[in-house]
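**Student:** Here the protein sequences come in this chain order: Y and D. The C-terminal position of the first sequence is numbered 295 in the working numbering, with every residue numbered one higher than the one before it. The C-terminal position of the second sequence is numbered 254 in the working numbering, with every residue numbered one higher than the one before it.
Bear in mind the hints are in silico, worked out from the structure with no lab data behind them. Note that the Cβ used here is the ideal one computed from N, Cα and C, for glycine as well. Errors might be hidden in some of the hints.
Not close to chain Y: a few residues of chain D, all C-beta gaps over 12 Å, as computed [stated by the list, open to error]:
#1 Phe8
#2 Lys9
#3 Val80
#4 Thr137
To give an idea of the interface, some chain Y residues facing chain D are shown, with a C-beta separation under 8 Å as derived from the structure [unchecked claim]:
#5 Leu223
#6 Leu233
#7 Leu236
#8 Leu243
#9 Ile247
#10 Phe248
#11 Leu277
#12 Leu279
#13 Ile290
#14 Glu293
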Amino acid sequence: MFAAQFRREWLCVARARDEILNPLAFLFLGVLLFAMAFGGDDEALSAYAPGIVWVLVLLANLMSLEILFRRDFEDGTLEQFVLLARPPFVAVLAKVAVQWCVTGFAITALAPLAALMLSMPPEAVPMLMLCLLLGTPALSLLGAVGAALTVGVRKGGVLLALLVLPLYLPVLIFGVSATAAWAGGAAEWAQIYWLAGFTMLALTLSPFAVAAAVKISLEEC
Amino acid sequence: MLTFKQFWHRLGSPKWFYRMSRPWFVAFAVAAGVLLGVGLAWGLAFAPPDYQQGDSFRIIYVHVPAAFLAQSVYIVLGAAGVLLLVWRMKMADMVLETMVPFGLWITALALFTGAVWGRPTWGTWWEFDGRTTSTLVLLFLYFGLYALRQAIPRAETAGRACAVLAIVGTINIPIIKYSVEWWTTLHQGATFTLTEPPAMPPVMWAPLLVNVVGAYCLFAANLIAQLRNAVLRREGGAQWVRDAVAAEAA
Chain Y
75 MFAAQFRREW LCVARARDEI LNPLAFLFLG VLLFAMAFGG DDEALSAYAP GIVWVLVLLA
135 NLMSLEILFR RDFEDGTLEQ FVLLARPPFV AVLAKVAVQW CVTGFAITAL APLAALMLSM
195 PPEAVPMLML CLLLGTPALS LLGAVGAALT VGVRKGGVLL ALLVLPLYLP VLIFGVSATA
255 AWAGGAAEWA QIYWLAGFTM LALTLSPFAV AAAVKISLEE C
Chain D
5 MLTFKQFWHR LGSPKWFYRM SRPWFVAFAV AAGVLLGVGL AWGLAFAPPD YQQGDSFRII
65 YVHVPAAFLA QSVYIVLGAA GVLLLVWRMK MADMVLETMV PFGLWITALA LFTGAVWGRP
125 TWGTWWEFDG RTTSTLVLLF LYFGLYALRQ AIPRAETAGR ACAVLAIVGT INIPIIKYSV
185 EWWTTLHQGA TFTLTEPPAM PPVMWAPLLV NVVGAYCLFA ANLIAQLRNA VLRREGGAQW
245 VRDAVAAEAA
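Looking at chain Y on its own, in the form it has when it is part of the complex:
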């Protein structure tokens, strides 16, 4: 059930390449903007690099969440899932998993490039990748709740940001402090365990919230 749904979502996303590429392009554009804004001051840039990366990751994730349910909502597929899928949170989880693969995981894979552009010390890069790998699933899972609640709302983009960004705060705090600690040469494991903990908590609770929110949004039409 999960595998079939995952395959279907994967094919849908793979055939709409812009949906994969847009958030990633946005991420790197943001990196470029920050690098320019710091005006070639490499030292300052590398000091703020963990914060810059994480904020851009949050925003890039938000961009791809906006379209997570939209297409399926508009053509009625989502309604079929809720009617057919038993239980519906499995279908929802598969959608979020695919969304994470093309944002969180892709961002993790491309993080060394962003780190290079922001002149982060090379020895911090593996830890940056680990933090992103552990933290981004929580972003996708929490964000999916907001995406499901706002899918029926016209111009839901700003509303989605308003609902979801406050909930991202713990991931931002621990992600930045872990990354900054490693970039500064201190071995800090506590925050990394916290990130893993958030992700596990989000993984256990949010699929139910997303499934409930999808049903509520479908009532609207």
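Based on the hints, put chain D in the right spot on chain Y.
**Tutor:** The following block gives chain D in isolation, referenced to the frame of chain Y:
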């Protein structure tokens, strides 16, 4: 005499609530007026000034009750969300609708009074420390609930969507609170907790206690009054509402 279960069951009925709640409202409103009047006069005029902060500490008598309510109201919203999604109680939806603006204002009041006090005492209007940041996040959570309800046209759908959001928010509040307190910081620990005797002398904390209880009475009175209005608004077409309003007008 009603058992608790019967009482709870009937609380779900707007009609029963409207008939019964008038004396409750009066009781809480009178209690809030008396307690807040006494507490504020006592705290602002009669309590001794602080040996270090002088008179500026007196804002505590507004700030602490507001900050208490700011968190309590969100927990009430989360509980109302559960009641709405699980038992489909109409009254829970009304709580969820009417208490969001109240929570928004009371959180804004807590932040504002904190800033006014922080300027002379900490030397800064605003500092991103653990507690101020988590209160600010709370303000955004309230605003999210408000915005979501505005965005969804159908009242029933809007209520249930807000219920999901309120539950998710309630689960997240402790996580956000403790993660921002990770960088502890400028704000002192809680002045008032349920578990420990306060470090202040009784002449200073007694008016604060009166104010906190008064603020909760104000919350209850406000909740009941707003629920009564919401019942009239939503059930306006029903015959019993017309009869009730006609009886009150006569």
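**Student:** Hint by hint, note whether the structure agrees.
**Tutor:** Structure-based check of all given hints:
1. Phe8: Holds: least Cβ distance 28 Å, greater than 12 Å.
2. Lys9: holds, 27 Å
3. Val80: holds, 19 Å
4. Thr137: For threonine 137(D), whose nearest Cβ neighbour in chain Y is about 8 Å away, the distance does not exceed 12 Å, so it is violated.
5. Leu223: holds, 5 Å
6. Leu233: holds, 5 Å
7. Leu236: holds, 5 Å
8. Leu243: holds, 6 Å
9. Ile247: holds, 5 Å
10. Phe248: Since chain D brings a Cβ to about 6 Å from phenylalanine 248(Y), closer than 8 Å, the hint holds.
11. Leu277: violated, 14 Å
12. Leu279: holds, 7 Å
13. Ile290: holds, 5 Å
14. Glu293: holds, 5 Å
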